[in-house]
Amino acid sequence: MLERGKIDSKQAVFLMIALVLPTAVLTVPSVVAKLASQDAWLSVIVATLVGLLIARLVVSLSLRFPGKTLFEYAEEILGRVPGKVVGLLYIWWFLHTNAFILDEFGAFLGITILPDTPFLVFFIAGTFVAAYAVRSGLEVLVRYNQLFLPLILGLLCVIFILSAKDMKVARLLPVLDTGLVPILKGAAVPVSWLGENVTFAMIIPFLNRPKEAYRVAARAVLITGFFLLVSVLVSLAVFGPNLTRAWIFPAYNAVRVVSIANFLERLEAAVVAVWMLGGFAKIGVFYYAAVLGSAQLLGLKNYRPLVAPVGVILVALALLCENTVVLFDFLGRVFPPYALVFELGIPLVLLIVALAGGKGGKKS
Amino acid sequence: MIALLVLLFIGIILFEVPGLVKKKMWRELAAFSVFLAIGMALSIPQALGATLPNPMKAIEALFGPLAELLK
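Chains as they are written, first to last, in the numbering used here: chain A, 356 to 719; chain B, 135 to 205.
Hints listed in this document are in silico derivations from the structure and should not be mistaken for laboratory results. Please read these numbers as outputs of a predicted model, since none were measured by experiment. Each hint should be verified, as a subset may be incorrect.
[Claimed, not checked] Pairs of lysine to aspartate or glutamate, EDC-like flavour, derived with a Cα cap of 20 angstroms:
no.: 1; chain 1: A; residue 1: Lys540; chain 2: B; residue 2: Glu194
no.: 2; chain 1: A; residue 1: Lys656; chain 2: B; residue 2: Glu150
no.: 3; chain 1: B; residue 1: Lys191; chain 2: A; residue 2: Glu677
no.: 4; chain 1: B; residue 1: Lys157; chain 2: A; residue 2: Glu358
no.: 5; chain 1: A; residue 1: Lys540; chain 2: A; residue 2: Asp684
[Said to hold, decoys possible] Partial pick of chain A residues on the chain B-facing surface, computed with a CB cut under 7 angstroms:
no.: 6; residue: Gly465
no.: 7; residue: Leu469
no.: 8; residue: Leu652
no.: 9; residue: Leu655
no.: 10; residue: Val665
no.: 11; residue: Val667
no.: 12; residue: Ile668
no.: 13; residue: Ala671
no.: 14; residue: Phe685
no.: 15; residue: Pro692
no.: 16; residue: Ala711
Cβ atoms here follow ideal geometry from the backbone N, Cα and C, with glycine treated the same way.
Work out the full structure, taking the sequences as your base and the hints as a guide.
Printed below as a string of structure tokens:
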């Protein structure tokens with residue numbers, strides 16, 4: 356067994372929220388408003404429903420193979436060689452997605468508070484902290500997250516409530532003016548983000564009560580969806596659709612304009628804290644998935660030796676992205692179909708083949 | 135820049151390799167070497183100022199037609 360740690364259901368819910376929310380909560384409003392204008396919040400509701408389906412698919416697949424991760428049962432379902440190929444593709448996807456997360460992490464800090472610092476510094480800082488957590492094992496990563504995620508969610512609630520003064524519901528009108536197609540198109544990006552929950556397939560074997568995985572996944576997706584929805588609603592109600600899509604981080608700007616009694620101001624520091632605390636956790640989970648997956652694919656007894664080299668690969672991949680404009684164009688346009696292959700396509704094929712071949716036990 | 139990077143690689147090797155050799159974990163050592171070699175191949179050219187082919191371009195070409203739907 357490569358990982359001896361066990362996590363309970365509450366920790367798993369927190370981990371799944373951290374898996375999606377930190378980068379999504381600030382970037383989703385702008386990307387979705389580009390496609391769906393003032394109906395962006397409807398896109399997020401659609402995306403949350405699809406996210407629930409993806410989470411259910413991943414859990415059903417994992418529970419057929421108790422105690423096994425995605426990399427182990429892919430080999431069992433498809434046979435040795437095709438299973439290894441699928442594993443290799445997933446390692447690539449975990450690494451590449453993590454490089455994008457690092458890019459977003461750096462872009463946010465670089466654009467908002469540290470404009471003169473080279474992105475390399477953010478990449479190294481993010482990777483180093485995550486590497487330390489990953490090397491210490493799943494339980495350390497999970498406990499870090501258990502400590503900070505409630506703080507993150509609490510801070511988000513407080514700052515969103517404080518921006519209520521600047522909101523106008525009229526900016527959300529007219530509802531459904533753009534028609535159904537833009538709303539569905541707008542849902543593609545949040546779906547690809549909520550679908551990152553496929554990484555949960557690497558964590559399910561370490562739940563101390565795997566039977567609760569369905570409830571864990573559903574709860575995590577609903578909470579994440581709720582915060583994305585609030586973030587989009589706040590951005591739209593404060594700025595309207597045109598300004599929301601013009602900014603990269605509208606939710607951050609919404610917090611910047613909060614000024615209560617000329618005293619409670621400059622709350623954006625809280626957003627930066629949320630971003631950094633959550634960013635480390637999110638980078639850590641994808642990092643962990645890539646490293647554990649590689650070790651399982653190669654049949655190693657210990658995944659720890661791979662942590663440092665994989666960190667170098669991550670930083671190098673993150674540096675390959677030329678600039679922030681290219682990054683957000685890619686995330687808004689190319690990332691959804693690319694990610695859905697891994698989030699929906701491959702798991703669906705695995706489940707169908709497993710059902711057809713009678714592989715895996717009865718659902719417990 | 136390149137000197138710092140070489141120092142980093144020496145540091146990583148000194149940090150991991152003695153323990154692996156002592157425990158005779160050859161398979162792990164081989165995997166470690168392969169991953170570190172990939173890391174070097176990706177980072178050293180960038181530190182020297184060369185432009186590497188960006189995988190984002192390949193993925194964009196692969197998923198381009200589908201991505202057009204999201205405009």
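Violated hints, by number in ascending order, as checked against the structure = Those not satisfied are hints 6, 7, 8, 16.
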